[in-house]
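Student: Each chain, written out:
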Amino acid sequence: MTRYFTKDHEWIAVEGDEATVGITDYAQGQLGDITFVEVPGVGAEVGKGDAASVVDSVKAASDVYAPVSGTVTVVNDALEDQPELVNTDPEGEGWLWKMTLSDTAELDSLMDEASYQSFISGL
Amino acid sequence: MNELNPSGWRPAMGASAPPDTIETFTGNRALQLEEALLFELGSPDRSGVDFDDIPDFDTALLGPNARKARLDLPGLSEPETVRHYTRLSRQNYAIDLGLFPLGSCTMKHNPRLDEKVARFPGFADVHPLQPVQTVQGALSAINELAVWLIELTGMHGVAMTPKAGAHGELCGLLCIRAALEAKGDPRAVILVPESAHGTNPATAAFAGYRVENIPATTDGRVDVDALKARLGPDVAGVMITNPNTCGLFESELKNIADAVHAIGGYVYCDGANFNAIVGRVRPGDLGVDAMHINLHKTFSTPHGGGGPGSGPVVLSEALSPFGPLPFTSRQADGSMKLIEEEQAHEEHPQAFGRMCAFHGQMGMFTRALTYILSHGADGLRQVSGDAVLNANYILRSLEDVLDAPFGAAGPCMHEALFSDDGFAEGFTTLDLAKGLIDEGYHPMTVYFPLVVHGAMLIEPTETESKAGLDQFIGAMRSLAERARAGDELLKSAPHLAPRRRLDETLAARKPKLVYKPA
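Going down the list, the sequences are from chains A and B. Sequential numbering from 1 applies to the first sequence in UniProt numbering. Sequential numbering from 1 applies to the second sequence in UniProt numbering.
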């Protein structure tokens with residue numbers, strides 16, 4: 001499994017042509033306490049960069065963008081009652097949705113863990 | 001000694017104790033009253049009204065709608081009800097109590113003259129369905145306000161009916177949509193810069209457009225190069241807030257408007273901050289095609305707590321034919337006519353429809369017109385000058401203790417923007433805002449605009465005196481220094497309010513919206 005990161009602070013963990021998407025630890029730290037997560041609909045087709053989900057925090061409502069194009073297959077229902085999972089375990093149990101990838105070449109434009117860490121240290 | 005007036009009354013002090021150690025039976029603290037919920041105060045056997053006995057009634061007539069359990073409404077007498085709300089109102093903060101620095105909201109004094117005029121029976125006691133010949137004065141007032149708004153903005157027409165800022169945005173975008181469709185060239189995209197109001201992208205999406213963001217430059221303005229690079233035949237228009245949410249004037253607006261017009265698009269300007277430029281800049285001269293004016297901000301009609309607002313939209317010559325119905329029109333004999341659907345096919349055939357059932361917020365129109373007439377053109381010009389001067393006084397008086405991210409870019413407009421940069425580890429904008437409650441102020445706008453980390457947006461408005469500003473600045477300096485020094489007492493503020501710091505996260509995650517008896 002390989003994990004990629006976007007400049008908008010999403011992560012995507014890819015296994016074959018399936019992937020899991022969430023927001024990074026840095027993102028949840030900036031947003032503060034998450035109060036509500038609106039996940040996409042199962043079966044939704046998303047394009048790379050489309051606003052696919054919304055995360056509400058005590059500070060702001062923020063769009064979460066699809067890191068790559070594909071189709072949403074599963075969403076994290078646990079977030080409905082426990083949006084705080086995005087705060088406590090953003091890159092684990094706080095995942096947002098799973099999707100199939102329509103073009104794995106799109107992953108080439110994303111950052112790996114080391115590049116992302118150096119990207120956020122410059123913010 | 002002390003026997004000059006031995007027969008007179010002198011206070012004899014008994015024992016004393018620090019106030020916070022003194023308990024009271026009621027929980028009240030002198031005039032700071034603890035107030036229960038209406039449901040807890042009321043009882044089913046009390047009422048403020050005498051009802052007749054309910055006659056026998058066959059509930060079967062109600063079918064499945066018949067209520068099976070008693071409705072749990074609080075029963076209170078009239079004085080109990082009046083006291084409840086009066087007691088609660090004592091815990092309010094209001095513009096009539098002091099400076100209300102809520103950035104972007106323009107909380108300024110509402111002149112009492114405006115209130116008086118709005119209550120004239122000829123304005124207050126009319127009905128929108130009255131025959132037109134019986135409301136000539138009210139229609140004439142709407143028309144006169146429309147003329148002023150057109151003149152002040154240098155535009156061609158105005159749609160008076162939208163009920164608030166975002167409603168006005170929608171009206172403007174529907175005009176753009178109608179104009180493009182009339183040309184047989186419907187387009188898909190509206191560009192919204194990061195420095196625009198938060199409602200702009202929501203409006204564009206609601207109007208059926210795809211929204212694309214344009215980044216801000218490091219000095220807090222629209223990135224003109226990025227915007228121009230994105231212009232193309234699919235772009236219906238741009239929505240620009242000017243002055244923007246960083247409190248800065250978008251000095252490239254004319255340049256942007258020319259580029260947008262060159263590709264056949266339209267320019268929507270969010271005029272929520274028109275109070276900073278009224279009497280000095282006419283948006284029509286900058287190439288704006290549509291702009292809403294928040295009467296409740298620029299022309300000081302009461303707002304807050306959700307309304308009421310009023311958001312007339314001024315329109316360019318290109319968009320005016322598409323403005324919504326109804327509108328007023330003065331006839332050759334001086335009488336007023338109302339253009340509705342029945343007349344529209346002759347006089348306004350391209351109207352896109354209507355924004356609301358009737359003619360808009362009459363009470364706001366009369367207040368705004370009174371504000372304009374009582375200030376006069378020179379007074380309105382002074383309004384914007386004083387609003388900008390006051391904001392800059394705050395900006396420059398605090399920038400040595402609070403980080404002003406765009407302070408170096410020159411003067412601000414009507415609001416001063418600060419960040420939490422420089423606070424001690426673990427101290428946030430929220431802590432400073434809560435501390436401001438202890439100082440007796442409503443907090444400023446926090447965490448908006450999003451482009452600034454830990455944003456604090458302060459809009460003093462033109463109605464504050466220098467003495468009032470100096471006291472606020474003193475309070476802010478004290479709080480900023482405490483945040484920089486890491487004063488732990490600030491982390492738990494407010495200490496002196498009726499309630500301490502509340503768990504806002506829990507309230508948002510698990511809101512209790514329905515009263516249930518314990």
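Think of the hints as simulated: they come from the structure by calculation, not from any bench. Note that the structure is a prediction, hence the values are computed from the model and not measured. Glycine included, every Cβ here is placed at the ideal spot set by N, Cα and C. Some clues are possibly wrong.
[Claimed, not checked] List of simulated lysine-lysine pairs, DSSO-like, C-alpha gap at most 27 angstroms: (1) B/Lys183 - B/Lys228; (2) B/Lys68 - B/Lys516; (3) B/Lys254 - B/Lys228; (4) A/Lys7 - A/Lys48; (5) A/Lys59 - B/Lys254; (6) A/Lys98 - A/Lys48; (7) A/Lys59 - A/Lys7; (8) B/Lys512 - A/Lys59; (9) B/Lys466 - B/Lys491; (10) B/Lys228 - A/Lys7; (11) B/Lys516 - A/Lys48; (12) A/Lys59 - B/Lys510.
[Unchecked claim] Not close to chain B: a few residues of chain A, all C-beta gaps over 12 angstroms, as computed: (13) Gln30; (14) Gly43; (15) Ala51; (16) Ser57; (17) Ala114; (18) Leu123.
[As the list claims (entries may be wrong)] A few chain A residues that face chain B, going by a derived Cβ cut-off under 8 angstroms, partial list only: (19) Thr2; (20) Gly29; (21) Asp33.
Student: Each of the hints needs a verdict: does it hold here or not?
Tutor: Tested hints:
Under the criterion of a C-alpha separation no larger than 27 angstroms, the hint pairing B/Lys183 with B/Lys228 is consistent with the structure, at around 23 angstroms. Between the alpha carbons of B/Lys68 and B/Lys516 the distance comes to roughly 18 angstroms, so the proposed pair stays at or under 27 angstroms and holds. Of the pairs offered as hints, the one joining B/Lys254 and B/Lys228 holds, with about 13 angstroms between alpha carbons and a cut-off of 27 angstroms not exceeded. With a C-alpha separation of about 13 angstroms, the suggested pair A/Lys7 and A/Lys48 falls inside the 27 angstroms cut-off, and the hint holds.
Taking the CA atoms of A/Lys59 and B/Lys254, the gap is near 34 angstroms; set against the 27 angstroms cutoff, the hint is violated. A threshold of 27 angstroms between alpha carbons decides the hint, and for A/Lys98 with A/Lys48 the separation of about 14 angstroms falls inside it, so the pair holds. At roughly 20 angstroms between alpha-carbon atoms, A/Lys59 and A/Lys7 fall within 27 angstroms of each other, so this suggested pair holds. Restraint check: the Cα-Cα separation between B/Lys512 and A/Lys59 comes to about 20 angstroms, which is no more than 27 angstroms; the hinted pair holds.
About 30 angstroms separates the Cα atoms of B/Lys466 and B/Lys491, which puts this hinted pair outside 27 angstroms; it is violated. Among the hinted pairs, B/Lys228 with A/Lys7 is consistent with the structure: their alpha-carbon atoms are about 23 angstroms apart, no more than 27 angstroms. Proposed proximity of B/Lys516 and A/Lys48 is contradicted: the alpha carbons are some 46 angstroms apart, above 27 angstroms. Distance restraint check for A/Lys59 and B/Lys510: the Cα-Cα separation of roughly 17 angstroms lies within the 27 angstroms cut-off, and the hinted pair is therefore satisfied.
A/Gln30, annotated as away from the interface, has a beta carbon of chain B within 12 angstroms; the closest lies near 8 angstroms. Remark: the non-interface label on A/Gly43 is consistent with the geometry, its nearest Cβ contact in chain B lying 21 angstroms away (cut-off 12 angstroms). With a minimum CB-CB distance of about 9 angstroms to chain B, A/Ala51 fails to clear the 12 angstroms threshold, and the non-interface call is violated. A beta-carbon of chain B comes within 12 angstroms of the beta-carbon of A/Ser57; the shortest separation is about 9 angstroms.
For A/Ala114, the shortest C-beta to C-beta distance to chain B comes to about 24 angstroms, beyond the 12 angstroms cut-off, and the non-interface label holds. Not every Cβ of chain B is farther than 12 angstroms from the Cβ of A/Leu123; the closest lies at roughly 9 angstroms, contradicting the non-interface assignment. Taking 8 angstroms as the C-beta cut-off, the interface hint given for A/Thr2 is violated, the closest approach to chain B being about 29 angstroms. At its closest, the beta carbon of A/Gly29 sits 12 angstroms from a beta carbon of chain B; the interface hint therefore is violated under the 8 angstroms criterion.
Hint status for A/Asp33: holds, given a least beta-carbon distance of 4 angstroms to chain B, under 8 angstroms.
The earlier numbered hints that this structure contradicts are 5, 9, 11, 13, 15, 16, 18, 19, 20.
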